[in-house]
Structures are given as structure tokens and as C-alpha cells.
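A.B. asks: Sequence:
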Amino acid sequence: MLPGPGGEPPEYHRGPGYPRAPHRVTWVATPPSGWWQPKRRPAQVPYYGPPAYPAIPRWGFPRLAWREPTSVPGTPARPPRSVRRVVVHARVAVSVLWMVAISALLAGGGEVWRYVLLVIGRNAALPADVVAISDALVNTGALLAAGLGVIALVLVLRWLLGIREVTAVDAGVRLARPDWQVLLGVLVPGLNLFVAGSVLAELEHTALGDRAVRPRPSLLVLAWWAAWVVSEVLAVTTALLNLREGVQARADGVLWYAMTDLVAVVVAVLTVLVIGALTGLVAPSAVHNPRRMRVVSVADAPAPPLRPARPAGSAR
Numbered sequence: 001m002l003p004g005p006g007g008e009p010p011e012y013h014r015g016p017g018y019p020r021a022p023h024r025v026t027w028v029a030t031p032p033s034g035w036w037q038p039k040r041r042p043a044q045v046p047y048y049g050p051p052a053y054p055a056i057p058r059w060g061f062p063r064l065a066w067r068e069p070t071s072v073p074g075t076p077a078r079p080p081r082s083v084r085r086v087v088v089h090a091r092v093a094v095s096v097l098w099m100v101a102i103s104a105l106l107a108g109g110g111e112v113w114r115y116v117l118l119v120i121g122r123n124a125a126l127p128a129d130v131v132a133i134s135d136a137l138v139n140t141g142a143l144l145a146a147g148l149g150v151i152a153l154v155l156v157l158r159w160l161l162g163i164r165e166v167t168a169v170d171a172g173v174r175l176a177r178p179d180w181q182v183l184l185g186v187l188v189p190g191l192n193l194f195v196a197g198s199v200l201a202e203l204e205h206t207a208l209g210d211r212a213v214r215p216r217p218s219l220l221v222l223a224w225w226a227a228w229v230v231s232e233v234l235a236v237t238t239a240l241l242n243l244r245e246g247v248q249a250r251a252d253g254v255l256w257y258a259m260t261d262l263v264a265v266v267v268a269v270l271t272v273l274v275i276g277a278l279t280g281l282v283a284p285s286a287v288h289n290p291r292r293m294r295v296v297s298v299a300d301a302p303a304p305p306l307r308p309a310r311p312a313g314s315a316r
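Numbering (this note's numbering), first residue to last: 1 to 316.
It is possible that some hints are incorrect.
What the hints assert, rightly or not - Computed spacing ranges between beta-carbons, pair by pair:
(1) Ala125 to Leu273: 44 to 50 Å
(2) Asp300 to Val169: 45 to 51 Å
(3) Leu241 to Asp179: 48 to 54 Å
(4) Arg63 to Thr140: 43 to 49 Å
(5) Leu222 to Ala303: 55 to 61 Å
Bear in mind the hints are in silico, worked out from the structure with no lab data behind them.
Even glycine gets a Cβ: it sits at the ideal position worked out from N, Cα and C.
Modelling step: build the complete structure from the supplied sequences, incorporating the hints.
C.D. replies: As C-alpha cells, this is what we get:
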């Protein structure tokens with residue numbers, strides 16, 4: 001049934017000849033209870049599984065090898081020094097130091113041979129080939145020792161600066177000297193006679209981690225310090241004595257050069273030992289490789305079962 005012309009219910013409409021009844025009733029349409037319920041939203045449960053995407057992601061990592069995050073804003077430009085870097089620098093420095101020792105030994109042997117030829121040449125003529133080989137041996141050994149010595153110095157300084165920072169961080173202390181003071185103390189002649197050994201002594205004391213005891217260098221560090229001082233003093237003395245003129249002065253210069261080369265061999269070998277000892281205090285497993293062990297025999301032990309026990313009705 002439709003409402004009347006005035007919007008009133010149909011029972012109030014009696015046709016054109018009947019009067020209209022007043023609006024006394026208002027209809028309110030309400031749905032019956034129980035036939036409709038609002039949808040409940042499921043509770044948001046956090047997802048703990050692997051990443052899931054409805055489609056293949058269009059993003060990804062660049063096809064590059066892993067590198068230190070030095071290009072990220074806010075990070076230092078210099079990568080932090082770590083034990084791994086210290087070990088790598090130590091291995092490279094030790095390899096070059098062995099080559100320096102061999103080259104210096106070659107030059108020292110050539111100088112000794114040259115002095116023997118000088119003694120023989122006082123009473124007899126020397127073959128030109130023998131003299132040429134002696135000169136080539138001395139010059140080649142000296143050039144190799146000088147060039148490799150500069151490379152070894154740079155590598156040892158990199159190792160020294162790195163292990164100083166690592167040991168200070170591990171011990172929870174501040175560095176006694178900044179890096180620039182260490183570089184000046186090692187590179188400046190005269191000053192390095194006192195600073196180089198003290199830097200190694202401080203490094204050894206920090207690596208040992210015993211703050212209650214006064215720093216006392218070990219015998220190895222003291223031996224290196226003494227060899228370092230002797231080598232520098234001997235090198236300066238040899239350079240000054242080489243300024244003299246005369247046959248005897250040149251013959252004496254050959255001996256001084258030979259002693260300088262042999263002391264350089266001792267310094268290179270002691271440096272290798274010091275690097276290995278101090279690096280072993282920071283990373284023992286990286287220097288002293290553990291021996292591979294294997295079981296040869298087992299005594300007084302029950303024999304293991306050949307196969308696990310399986311019930312008769314179990315599925316195979």
C-alpha cells in the first residue's frame with residue numbers, strides 16, 4: 001500500500017469527500033533483530049615468518065661485493081681498524097721484511113767478497129769478470145734492500161698504528177700518543193732512537209692488559225731497541241767515514257758497509273719477531289695456527305651401535 005497524496009498513511013486517506021485526519025502517528029522503519037550483524041575485523045597478528053610479497057619486488061641490492069659503508073652520510077671516511085686488518089698488515093709486513101733481510105744479506109756478502117778481492121788485489125791482478133760480478137752483487141743487493149726497506153717501513157707503520165688503536169680499545173684506555181707524534185718519533189732521525197722503542201714498550205704493556213705493574217719491556221723488545229740504535233748509529237758513521245779519500249779509506253768503507261748490511265739483517269729479523277709476538281697478544285689464533293688433531297684410538301669405551309634400534313612394526 002502506498003501513502004496518500006500528502007504523505008500520510010493510506011488509512012488516513014478517505015477519498016475526496018472525507019476530511020483528512022491529523023498526523024498523529026510517525027512510522028519508524030527498523031530491521032528485525034538478528035538478521036544482520038556488523039562484520040568483525042580480524043585482530044592484527046604480527047607476522048614472524050619470512051618476507052612475503054604479493055608480487056615480485058621491483059627493488060633489490062646492487063650487484064656489488066660487500067664493502068665498508070664509507071659512502072653512507074654520517075659515517076667516518078676512514079674504515080675502523082680491526083683485528084683482522086692488523087693481522088693482514090702484519091702478514092704483509094713480515095713478508096716484505098724477510099725480503100729486506102735477504103737483500104741486505106746479499107749486499108753484506110757482496111761487500112765481504114769485495115774486501116777479500118781488495119786484499120787479493122794487493123799482490124795479484126784480478127779477473128775483470130770476478131770484479132764485475134762482485135760489483136753487481138753489491139749494487140743489486142743495496143738497491144733491493146733500500147727499495148724494499150722503504151716499503152717495509154710504510155707497512156710496519158700501518159701495522160703499528162692499527163694495533164695501537166685495537167689494543168687501546170680492547171684495554172679500555174686512551175692512547176698515550178696520537179698518531180702524528182708516533183710518525184714523527186719513528187721517522188725523524190735522532191728522535192727515533194728514543195721514541196721507537198718506547199712506543200713498542202707501551203704497546204706491549206697495553207696488549208698485556210696489566211695496569212697495576214709498571215711497564216717493563218720484554219727481552220725481545222729491548223733487543224730490537226738496541227739493534228735499532230746500533231743500526232742507525234752505524235749507518236750515520238758509515239756515511240761520514242765514506243767522505244774520506246784514499247785507498248785505505250775506501251777499503252775501510254767496504255768493511256763499514258758490510259757491518260751496516262749485516263746489522264740491517266738483524267734488525268729486519270728482530271722486527272719480524274716483534275711483529276709476530278705483539279700480534280699474537282691481540283689475535284693468538286691468527287699467528288699460532290693450532291695443530292690439527294685426530295683420534296687414533298679410544299680405550300675403555302663401549303662399542304657404539306652399528307645401527308639404531310628400530311621397532312618391528314615401524315615404517316621404513
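A.B. asks: If a hint holds in the structure, say so; if it does not, say that too.
C.D. replies: Hint check results:
no.	hint	result
1	Ala125 to Leu273: 44 to 50 Å	46 Å, holds
2	Asp300 to Val169: 45 to 51 Å	48 Å, holds
3	Leu241 to Asp179: 48 to 54 Å	36 Å, violated
4	Arg63 to Thr140: 43 to 49 Å	47 Å, holds
5	Leu222 to Ala303: 55 to 61 Å	58 Å, holds
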